[in-house]
Amino acid sequence: MTIPDGAMLAARLRDGDRSAAPQTLNLVENRTPEGRRQTAALLRELSPARLGGEAQGHIVGVTGPPGAGKSTLLGELLRTWRGRGLTVAVLAVDPSSRRTGGSLLGDRARIAFDPTDDGVLIRSTAAAGRLGGLAPSTREAAGALVVAFDIVVVETVGVGQSETDIAELADTVAVVIQPGSGDALQFIKSGIMEIPDVLVVTKADLREVALRARRDLAAALRSVGERDTAVISVSSLAPATGIDELADALAAHRTVIDVPARRAASRRGTALAAFGAEYGERGLRAVGGRRAAERRLAEADPQADIPALLDLLSPDAGQETT
Amino acid sequence: MMRTYAGHSTAEKSNELYRSNLSKGQTGLSIAFDLPTQTGYDADDELARGEVGKVGVPIAHRGDMAQLLVGIPLDRMNTSMTINATAAWLLALYIVTAESDPAGAVAPEQLSGTIQNDIIKEFLARGTYAFPPGPSMRLIADTIAYTVEHVPKWNPINICSYHLQEAGATPIQEIAYAMSNAIAVLDAVQARVPADRMEAVFGRISFFVNAGVRFIEEHAKLRAMGILWEELGRERYGVTDPKALRLRYGVQVNSLGLTESQPENNVQRIVLEALAVTLGRDARARAIQLPAWNEALGLPRPWDQQWSLRIQQVLALETDLLEYPDIFEGSVVMDGLVAEMLEGSRAEMAIVAEHGGAVRAVDYMKASLVDSHRERLRRIESGEQVVVGLNRYQQAEPSPLVGDGDGGILTVDPAVESQQRDAVRAWRDARDTAAVDAALTELARVARSEDENIMPATLAAARAGVTTGEWSQTLREAFGEFRAPTGVGEAAAQLPSDDNAFLELRDEVEHLSEALGRRLKILVGKPGLDGHSNGAEQIAVRARDAGMDVVYEGIRLTPAQIAASADQEGVHVIGLSILSGSHRELIPAVMDALAQRGIDVPVVVGGIIPDADVEPLKAAGVAGIYTPKDFDITGIMRDIVRLVADRHGAPTGGG
Ligand code: B12
Ligand SMILES: Nc1nc2c(ncn2[C@@H]2O[C@H](COP(=O)(O)OP(=O)(O)OP(=O)(O)O)[C@@H](O)[C@H]2O)c(=O)[nH]1
Ligand SMILES: [Mg+2]
Numbered sequence: 001m002t003i004p005d006g007a008m009l010a011a012r013l014r015d016g017d018r019s020a021a022p023q024t025l026n027l028v029e030n031r032t033p034e035g036r037r038q039t040a041a042l043l044r045e046l047s048p049a050r051l052g053g054e055a056q057g058h059i060v061g062v063t064g065p066p067g068a069g070k071s072t073l074l075g076e077l078l079r080t081w082r083g084r085g086l087t088v089a090v091l092a093v094d095p096s097s098r099r100t101g102g103s104l105l106g107d108r109a110r111i112a113f114d115p116t117d118d119g120v121l122i123r124s125t126a127a128a129g130r131l132g133g134l135a136p137s138t139r140e141a142a143g144a145l146v147v148a149f150d151i152v153v154v155e156t157v158g159v160g161q162s163e164t165d166i167a168e169l170a171d172t173v174a175v176v177i178q179p180g181s182g183d184a185l186q187f188i189k190s191g192i193m194e195i196p197d198v199l200v201v202t203k204a205d206l207r208e209v210a211l212r213a214r215r216d217l218a219a220a221l222r223s224v225g226e227r228d229t230a231v232i233s234v235s236s237l238a239p240a241t242g243i244d245e246l247a248d249a250l251a252a253h254r255t256v257i258d259v260p261a262r263r264a265a266s267r268r269g270t271a272l273a274a275f276g277a278e279y280g281e282r283g284l285r286a287v288g289g290r291r292a293a294e295r296r297l298a299e300a301d302p303q304a305d306i307p308a309l310l311d312l313l314s315p316d317a318g319q320e321t322t
Numbered sequence: 001m002m003r004t005y006a007g008h009s010t011a012e013k014s015n016e017l018y019r020s021n022l023s024k025g026q027t028g029l030s031i032a033f034d035l036p037t038q039t040g041y042d043a044d045d046e047l048a049r050g051e052v053g054k055v056g057v058p059i060a061h062r063g064d065m066a067q068l069l070v071g072i073p074l075d076r077m078n079t080s081m082t083i084n085a086t087a088a089w090l091l092a093l094y095i096v097t098a099e100s101d102p103a104g105a106v107a108p109e110q111l112s113g114t115i116q117n118d119i120i121k122e123f124l125a126r127g128t129y130a131f132p133p134g135p136s137m138r139l140i141a142d143t144i145a146y147t148v149e150h151v152p153k154w155n156p157i158n159i160c161s162y163h164l165q166e167a168g169a170t171p172i173q174e175i176a177y178a179m180s181n182a183i184a185v186l187d188a189v190q191a192r193v194p195a196d197r198m199e200a201v202f203g204r205i206s207f208f209v210n211a212g213v214r215f216i217e218e219h220a221k222l223r224a225m226g227i228l229w230e231e232l233g234r235e236r237y238g239v240t241d242p243k244a245l246r247l248r249y250g251v252q253v254n255s256l257g258l259t260e261s262q263p264e265n266n267v268q269r270i271v272l273e274a275l276a277v278t279l280g281r282d283a284r285a286r287a288i289q290l291p292a293w294n295e296a297l298g299l300p301r302p303w304d305q306q307w308s309l310r311i312q313q314v315l316a317l318e319t320d321l322l323e324y325p326d327i328f329e330g331s332v333v334m335d336g337l338v339a340e341m342l343e344g345s346r347a348e349m350a351i352v353a354e355h356g357g358a359v360r361a362v363d364y365m366k367a368s369l370v371d372s373h374r375e376r377l378r379r380i381e382s383g384e385q386v387v388v389g390l391n392r393y394q395q396a397e398p399s400p401l402v403g404d405g406d407g408g409i410l411t412v413d414p415a416v417e418s419q420q421r422d423a424v425r426a427w428r429d430a431r432d433t434a435a436v437d438a439a440l441t442e443l444a445r446v447a448r449s450e451d452e453n454i455m456p457a458t459l460a461a462a463r464a465g466v467t468t469g470e471w472s473q474t475l476r477e478a479f480g481e482f483r484a485p486t487g488v489g490e491a492a493a494q495l496p497s498d499d500n501a502f503l504e505l506r507d508e509v510e511h512l513s514e515a516l517g518r519r520l521k522i523l524v525g526k527p528g529l530d531g532h533s534n535g536a537e538q539i540a541v542r543a544r545d546a547g548m549d550v551v552y553e554g555i556r557l558t559p560a561q562i563a564a565s566a567d568q569e570g571v572h573v574i575g576l577s578i579l580s581g582s583h584r585e586l587i588p589a590v591m592d593a594l595a596q597r598g599i600d601v602p603v604v605v606g607g608i609i610p611d612a613d614v615e616p617l618k619a620a621g622v623a624g625i626y627t628p629k630d631f632d633i634t635g636i637m638r639d640i641v642r643l644v645a646d647r648h649g650a651p652t653g654g655g
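Chains as they are written, first to last, in full-length UniProt numbering: chain R, 1 to 322; chain A, 1 to 655.
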């Protein structure tokens, strides 16, 4: 079994060679010790220090309840982004339970793309155990691909409280809901839901219901004092509408955030998740619990890469597990 | 040996065949179109590759249609066209051909015939859809509204439940989904015709059903359908004329159960299935088509079809079948079965209604069919359901029927495709471009309009010389593209605790995944226009249940799309499924596309692959080939696991 060389893949990604992306994804998913070593090499070679700053791409989280229209919308967004000359990678996270171990990954079927266009990559990945959760490999993947793609989208299923992972990973989070489902409204009003950066109401072709949903959501946001969140109504069915406006809103959000701070937080979250995946609750206890681990990571250099952050945690865990 | 599929390859060849049949006393025409025509592509489209002239005739424009019908008296002809997504277009070509017939114009009022024009079963089973559900239903409603006024002797729709059983439907699902489909169609038309026309519309609707080998139950199914149809007419649409209320149906008997192993046994099956639709007079079919003994081998030759025709003739002319009134009248057993069917169907129809009707319930119905089919295959695999010659009594004498040089099937001359490609290009070069552009602009405008009927603009486009691909592309742009649901994601996971072979397989998958470092990942791909999805769906579901990560995107992918998906998804193995006969062109095309991307993973192929094609495919690099006789899907999965293990030098065998 040949495991790709992480440093070499990193060099290709740094050069903007997008054809290195599939192998990069194979690598970060690889759980063998050698696979983890090469992934660490990859991530080190893509650190802000190595890149001379944060990767210029935009990590966009697209999340929402099942069947809200996320994938179909991505197909339209993809067309618009490509029309603007932007390259795009989509990581579609499959929510299906892993009761049998295997998954049916069908999302890419909903996202129309031109197979000869090397500016687009779509990869289906499996979810972590819980709804809305992200496998550590997905976080690592997004961090790596954003070096070579202008936009990296992570599509997950979830609504309500389950978006913490995606909020931690993405520069911009768009929550997608379909008209007629009151969930999001309730969550906003009751303050349960983290307020997304962009709120998208799909299926505008359904007219009145869609209009009403958009109005209600905007009102709910105002009532909790949120004025910055854009609420955008789209239809992904021909003739598609609202897509340009959405692409603009996403791009605009990228310009107002503190990217280095978000990315640093994202790397810390990824390191913690990777640590958890590797050493489990027992490992976390050994470093004094989740809070303590978070504190330790927070003190680290904001530019520290994920392997370095992991090193901050691992020695203690190492003692415990040997 | 190569022989031309004379009834189909080209308009000219088909015309010869039709005329010869007519001169022998046949009174009607039945036109089978090739898959590109059925799905709205011209012969030079990438997706048409390998399919031009294969399972039917290619018709790209009014010139082809005129050629197809030359010398045929359209004023006296009853023409049945198996056409759905592009039905409005082919009907327009037919009307235009009649009005400009060199032998004398024939007016639309004089034309009689049928278009299948049923889209829901295309989404659920048959696969020749072209547009999303909403616009597709509108096209159906438009053609019905148009023909009721202008082509009154035409049957504008044939609601099909046949294909649902072929996709795994139980009798109850077959009834319930067909009736729900009819409701969706009738409701859509109701919005487009004056109220007093509904009785005429209702009376024009006919069904195309299936009959399986459990022929007593199947007969009960048809009686139940008759009762439900009448009820629907009376209660929902206020129909009172008893003639209009009677269920009119034609049948093609079950082909899904016909085997590749010991294919001669299929003859018995076909005879029994024919009884299901003829035994009781009160629910007897109007027209019957029987498949041939070599159904699972490939396309039937004229001799094979003749044998099936003779079955019907023996039944009708030698037996006493047709001499009695309804022989089940008063039968407690039959009445009981019918009552059961009615109860089950009503419950299932209620579920579809809860989803908002058949159009909205397509996802639900598709997933239910995939689930039923999985259960069917599980029963066959475990031996619970006996299939003689397949899973019981497999020992047999060599069959003299398949010994012939042609392998017992018909093959199509591949030159047909390039000829048709050149011909359609020549047609485009020779016509009045300005007229074509104007017609397409008008068509696009009407398509985007709310309630204008599509037929007049479609007729104008036909007259202007527009092609099938152009008409369809214009509508695709207006309506959007669509991929039907695959139903596989929802199919509930099956976790048998007592099937040792399956449990061992899962262990093997786990071990290999561990050795690989990530979960074993397979791409199941359907290249080309072939709509036969059953096999791919069941392979995908089983692979998932065995613990693999499965990428399955549904039907109708180009080789380039499959290669791109395989690359981006990082799969360890690729499984391709083709049943339509285009494997000789498409499998090598996929292999080339993979090579171009530098993807070097094992590729296996399944479907209708005649023996003669096995060696050439292996020479092209295919690692394993499976056909309908390989009913042990767990065994197929195990082969696949071992192929990947070998490729990666991983140890095999469960730990
Ligand atoms: C069911 C069926 C249909 C259904 C399909 C429903 C569906 N959604 O799949 C319906 C009724 C819709 C249909 C329509 C048509 N059909 Co049809 N159909 C069949 C039939 C009877 C059975 C196929 C089947 O589903 N078997 C059950 C599944 C589970 O078995 P399977 O696919 O063979 O899979 C097994 C193996 O082959 C293998 N396998 C298959 N795929 C894969 C993939 C991988 C990766 C692996 C490892 C293994 C594997 O493993 C499976 C397990 O045993 C066959 C004849 C026959 N008895 O085989 C004709 C047949 C395939 N159909 C045929 C034709 C011509 C048509 C039509 C064109 C007819 C027409 N003119 O309208 C249309 C076209 C539809 C389209 N869009 O392409 C021809 C094809 C001729 C040829 N190859 O030259 C056949 C052979 C019949 C015939 N003799 O004429 N059909
Ligand atoms: N009417 C309408 N239907 C839409 C629109 N967008 C998507 N749909 C339909 O909504 C259904 C779900 O769409 P998807 O894009 O698969 O939704 P999703 O959110 O990605 O779904 P999951 O990945 O399963 O959670 C499909 O049947 C789409 O055709 C839209 O703008 N209008
Ligand atoms: Mg999705």
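The set of hints was computed from the structure by calculation and includes no laboratory data.
For every residue, glycine included, the Cβ atom is placed at its ideal position computed from N, Cα and C.
Accuracy of the hints is not assured; some may be wrong.
With the C-beta cut set under 10 angstroms, the calculated list includes, among others, these residues of chain R facing chain A [to be verified]: (1) Thr2; (2) Pro22; (3) Gly35; (4) Gly106; (5) Gly119; (6) Ser124; (7) Ala126; (8) Val209.
Chain R residues, not near chain A, derived (Cβ > 12 angstroms throughout) [what the hints assert, rightly or not]: (9) Met8; (10) Arg31; (11) Glu45; (12) Ala89; (13) Asp94; (14) Ala238; (15) Asp311.
Across the chosen pairs, the derived CB separations fall in these ranges [what the hints assert, rightly or not]: (16) R/Glu208 with A/Ala339: 19 to 29 angstroms; (17) A/Ala191 with R/Ser190: 52 to 62 angstroms; (18) R/Gly52 with A/Thr433: 48 to 58 angstroms; (19) R/Glu208 with A/Ser449: 51 to 61 angstroms; (20) R/Gly67 with A/Asp432: 26 to 36 angstroms; (21) A/Ser100 with R/Asp150: 22 to 32 angstroms; (22) A/Arg448 with R/Ile257: 18 to 28 angstroms; (23) R/Ala7 with A/Lys618: 47 to 57 angstroms; (24) A/Arg448 with R/Asp114: 23 to 33 angstroms; (25) A/Gly649 with R/Glu281: 29 to 39 angstroms; (26) R/Arg207 with A/Glu109: 48 to 58 angstroms; (27) A/Ser100 with R/Asp17: 37 to 47 angstroms.
Results for each hint:
At its closest, the beta carbon of R/Thr2 sits 8 angstroms from a beta carbon of chain A; the interface hint therefore holds under the 10 angstroms criterion. A cut of 10 angstroms between beta carbons decides the hint on R/Pro22: the least distance to chain A is about 5 angstroms, and the hint holds. Using the Cβ-Cβ criterion of 10 angstroms, the hint placing R/Gly35 at the interface with chain A is satisfied: the shortest such distance is roughly 5 angstroms. Contact between R/Gly106 and chain A, as hinted, is supported at the beta carbon level, the nearest pair being about 5 angstroms apart and thus within 10 angstroms.
Because the beta carbon of R/Gly119 sits about 12 angstroms from the nearest beta carbon in chain A, more than 10 angstroms, this interface hint is broken. Below 10 angstroms, beta-carbon pairs count as interface contacts, and R/Ser124 has one with chain A at about 6 angstroms; its hint therefore holds. With a cut of 10 angstroms, the hint placing R/Ala126 at the interface with chain A holds, because the nearest CB-to-CB distance is about 6 angstroms. Because the closest C-beta pair between R/Val209 and chain A is about 13 angstroms apart, greater than 10 angstroms, the hint is violated.
With 12 angstroms as the threshold on Cβ separation, the claim that R/Met8 sits away from chain A holds: the shortest Cβ distance comes to roughly 16 angstroms. R/Arg31, annotated as away from the interface, has a beta carbon of chain A within 12 angstroms; the closest lies near 5 angstroms. Its beta-carbon lying about 20 angstroms from the closest one in chain A, R/Glu45 satisfies the requirement of being farther than 12 angstroms from that chain. Distance check for R/Ala89 against chain A: the nearest CB is about 9 angstroms away, which does not clear 12 angstroms, and the non-interface claim fails.
R/Asp94, annotated as away from the interface, has a beta carbon of chain A within 12 angstroms; the closest lies near 8 angstroms. Not every beta carbon of chain A lies more than 12 angstroms from that of R/Ala238, the smallest distance being close to 3 angstroms; the non-interface claim is violated. With a cut of 12 angstroms on Cβ distances, R/Asp311 stays outside the contact zone with chain A, its closest approach being about 22 angstroms. Separated by about 44 angstroms at the C-beta atoms, R/Glu208 and A/Ala339 break the suggested range of 19 to 29 angstroms.
The beta-carbon spacing between A/Ala191 and R/Ser190, approximately 41 angstroms, falls outside the hinted interval of 52 to 62 angstroms. With their beta carbons about 56 angstroms apart, R/Gly52 and A/Thr433 fall inside the hinted range of 48 to 58 angstroms. At about 21 angstroms, the beta-carbon gap between R/Glu208 and A/Ser449 misses the expected band of 51 to 61 angstroms. In this structure the supplied range 26 to 36 angstroms is violated for R/Gly67 paired with A/Asp432, their Cβ-Cβ distance being about 47 angstroms.
Between A/Ser100 and R/Asp150 the CB atoms are about 55 angstroms apart, so this pair departs from the stated range of 22 to 32 angstroms. Remark: the range hint 18 to 28 angstroms for A/Arg448 to R/Ile257 is contradicted by a beta-carbon distance near 40 angstroms. Distance hint for R/Ala7 and A/Lys618: a CB-CB separation of about 40 angstroms, inconsistent with the stated range 47 to 57 angstroms. Range check, A/Arg448 to R/Asp114: Cβ separation about 24 angstroms, and the 23 to 33 angstroms hint holds.
Look at A/Gly649 against R/Glu281: about 36 angstroms separates their beta carbons, and that is inside 29 to 39 angstroms. A C-beta distance of roughly 40 angstroms is found between R/Arg207 and A/Glu109, which places it outside the suggested range of 48 to 58 angstroms. The supplied range of 37 to 47 angstroms is broken by A/Ser100 and R/Asp17, whose beta-carbon atoms lie about 59 angstroms from each other.
The structure is inconsistent with the numbered hints 5, 8, 10, 12, 13, 14, 16, 17, 19, 20, 21, 22, 23, 26, 27, although it conforms to all the rest.
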